[in-house]
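Novice: All chains should be modelled from the sequences, with the hints used to inform the complete structure.
Take a look at the letters that make up each chain.
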Amino acid sequence: MGKIITVTDLCKTYQQKGNSNEVLRNVSFEMEEGEFVSVMGPSGSGKSTLLYTVSGMDDLTSGSVCFNGRELSNMKKKEISELRLLEMGFIFQQMYMMKKQCVLDNIILPGYQAKRDRAQVNKRADELMESLGIKDLANRQISEVSGGQLQRACICRALINEPKVVFADEPTGALNSKAAGEVMKELRKVNLSGTGIMMVTHSVRVAAQSNRVIYLVDSNIMGEIILGRMQSDEEIATRDQKLNSWLMEQGW
Amino acid sequence: MLGYILSVFISLIGLFLILIVIMTIRFTMIAALKEEECEIGVLRAIGADSFSFRWLFAEKYIAFAVIGGALGIVAGLPLSKYVLSMFGPGNIMPSDAEIVVIGILSVLFIIALIIGFSMLVMRRINKISVVDAIRGENRAERFGRGGGIRLHKRRIMSPAFFIALSDILGRFKRYAFLLVAYTLGVLIILFVVNTKNSVINPEFLKYSLTYQTDFFIELSDEKLNDYIKRMSAENKNINEMINNDIRKAGIKAHYDNDHYNSMGILMQNGLEINSTEWSGSGDISQLSYHEGSVPVKENEAAMSWSSANSLGIQLGDEITLKMSIDPEKDGIYEGSKEKFKITAFINAMDSGVPIVVLSQKYDKNPNGSMSYWATIIDADGSEKEEQFRRLEEMFGPEQVLDSMEYTKLCLAEYSQIFDLLELVMGVAVLFILMLMTYLYSSIFIAEEMPETALQKSLGFTNGAVKASHIFRILILSVVSVIVGEILLQTAGQFIVRVLMESLGITNFSLMPEFIMSFALIPALIMGAVLITEWFTLGKIKKADIRNIKDV
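Top line first, the protein sequences correspond to chains Y and D. At position 8 of the first sequence the residue is numbered 8 (my numbering), and the sequence of numbers has no breaks. Add 1000 to a position in the second sequence, counting from 1, and you land on the number used in my numbering.
It should be emphasised that the hints constitute simulated quantities derived from the structure, not laboratory data. Just so you know, not all the hints are guaranteed correct.
[Unchecked claim] DSS-like cross-link-like pairs, simulated, lysine-lysine; straight-line CA separation at most 30 angstroms:
| hint | chain 1 | residue 1 | chain 2 | residue 2 |
| --- | --- | --- | --- | --- |
| 1 | D | K1542 | Y | K115 |
| 2 | D | K1542 | Y | K164 |
| 3 | D | K1248 | D | K1384 |
| 4 | D | K1248 | Y | K135 |
| 5 | Y | K76 | D | K1541 |
| 6 | Y | K78 | D | K1236 |
| 7 | D | K1236 | D | K1329 |
| 8 | Y | K115 | D | K1329 |
[Claimed, not checked] Which chain Y residues face chain D? A few, computed with CB under 8 angstroms, are given here:
| hint | residue |
| --- | --- |
| 9 | M57 |
| 10 | L85 |
| 11 | F90 |
| 12 | Y96 |
| 13 | K100 |
| 14 | R116 |
| 15 | D117 |
Being a predicted model, the structure only gives us computed values, none of them experimental. Backbone N, C-alpha and C define an ideal beta-carbon position, used for all residues, glycine too.
Specialist: What follows is the structure, encoded as structure tokens:
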């Protein structure tokens, strides 16, 4: 397995009305293809910023981010957009969807935008929705579905173009525990099929289901722990405990 | 007639502007309200009363109205004087005092309208739910249906076009005013252009009894002197001599000039009304008849419809004309009261002086002057062009005018006025449409920043996002052009017919010039709004992931 993401000395500073705020400072890490990485840290540690800079949605101040062998800072905006469309997927905490479109149209939108064969895109959407148990919601408006169902629709949308990596920013943050459990189950399934996941989360239970956890504090990586691939739901409690202890040692 | 037409068109554009102002106030106020919904909710929650917010929001617009009104008077007075002066040196200009008073009254009216309307729109504040406003939810309004079309059922529709179309269909109310503005703008420009095409048109000359104009000989001074010298020798007038010369040259063309125009008095219902009589052996069957049959018998006549209508004269009625006639043709004229049966009404612009056309059989030789009613090339198609070319060879190309050139010569004053109207109204309306496009687009872009950020996060390029905005304006402008064209041919035709009938011009209908009306003007309007939209879209680049939170 090769490296899908390589981040070297990444710095991100926000300038606002003469004040500068250094959100990320010399962050370096790597992610393997098909790996499931969680990023944890206290509020304001730069977790979401790390996600957005690594995915090219935000510019980096300095350093380098290499995605699938391509250096983002050498790419034009249009090329980064294309990369995001074809090789990345996104899941947000708030289940952002196009308000006026139905669930299915939201899912296939990136597929059609990528100019892929429409019949193939529709077929893939059907398969994804079937696999995530939301096939009967295809023609519903997004206001007519529950949070958990909507998040699963977001997962489908993120996977429509068979991306290399799915970036998830607090995917269970707005869900109740049952819905959160269901979503995490789906994400693990996605990861098992070979898609890498880089996830930001506050929840130890959620992070414990990933392969590796990176702990971010004060704009830098304080440490990381390898949990290995989770094989079954029975392991959650043990992994949760292990991660909790480790985080306590880090000062969580 | 000119003054009347000018008044109508200027009033049209005035009404259009007022409508635009009202619509724009409503739209921008509602947009501002939405933006500050949370603050309003908090204020209401802590007990502030609704009249004070309404005043708080409305006072900004009122201030703009007062300042704008004051600036409008200062800048508008010299500008209006200049524009008025463009419409011909012969026009009687209003006095400075009149211009100032009218200007001030107009501005005060507009300010009052804006204040009243602003307070009305602000009543929406009462409808804001305090809880929803504070929570920032209001899901019912934010998450409506998407217009009924489905992307997954479309085989070739691009995502950008789909987003634009579904947005318009799903939130039609949001675009209704812009659509109305575009449609009215299209309608006004088309109305002016088509009215000009229809008036500055050989067909319009029929209203002055010139029923056909295939050519016209505008003699040079030299040629005119030659003909004048020949007049006494040949005992013919110039048109008769031209006819002879053309016939001798074997050219198939002639002036239909056997018509005599005399002044008489129509005695009707105890009144004596000045009238114009036409007699002679020239062809009267080619006139534009409103109703009835061509006068044939000696005692039959046709009358201009507008005067007949206002005098209550019906078909079959008998009229009495006091005329000066020379029945013996010995050069001695005598007054006579002649009775005629009205067998037809003609479409003619009589300006309140009834026109009576006597039959070709009436031979009592009224005291009048000769005139021609038509210049006819007795050929069709390519042969007609050949005959025209021969006329040019005979008289010189600069002296032979074609139908349109002659029409413009006859209607020179009208032509100039219409050209100016086209320019002034065209520029004004285009400017307003571009301004509205800029304003509405800026508001749309600001409101849609979160969705733009979402699209960009999914991998849409700036170009793809801009495309949906361009498509949106394109769809709106195409629809408004189509609706505008339909309205022109329906309501527009009706309005112009009523207007012209009030001037005594009956059976008038707009005759659009195809390329101008259906291609050039729509392209110009659509091009202007699309270019404006393009320049507004620079802000799309600024949307980034931080904007996504409000979706």
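Novice: Any hints this thing doesn't respect? Which numbers, in order?
Specialist: 4, 6, 8, 14 and 15
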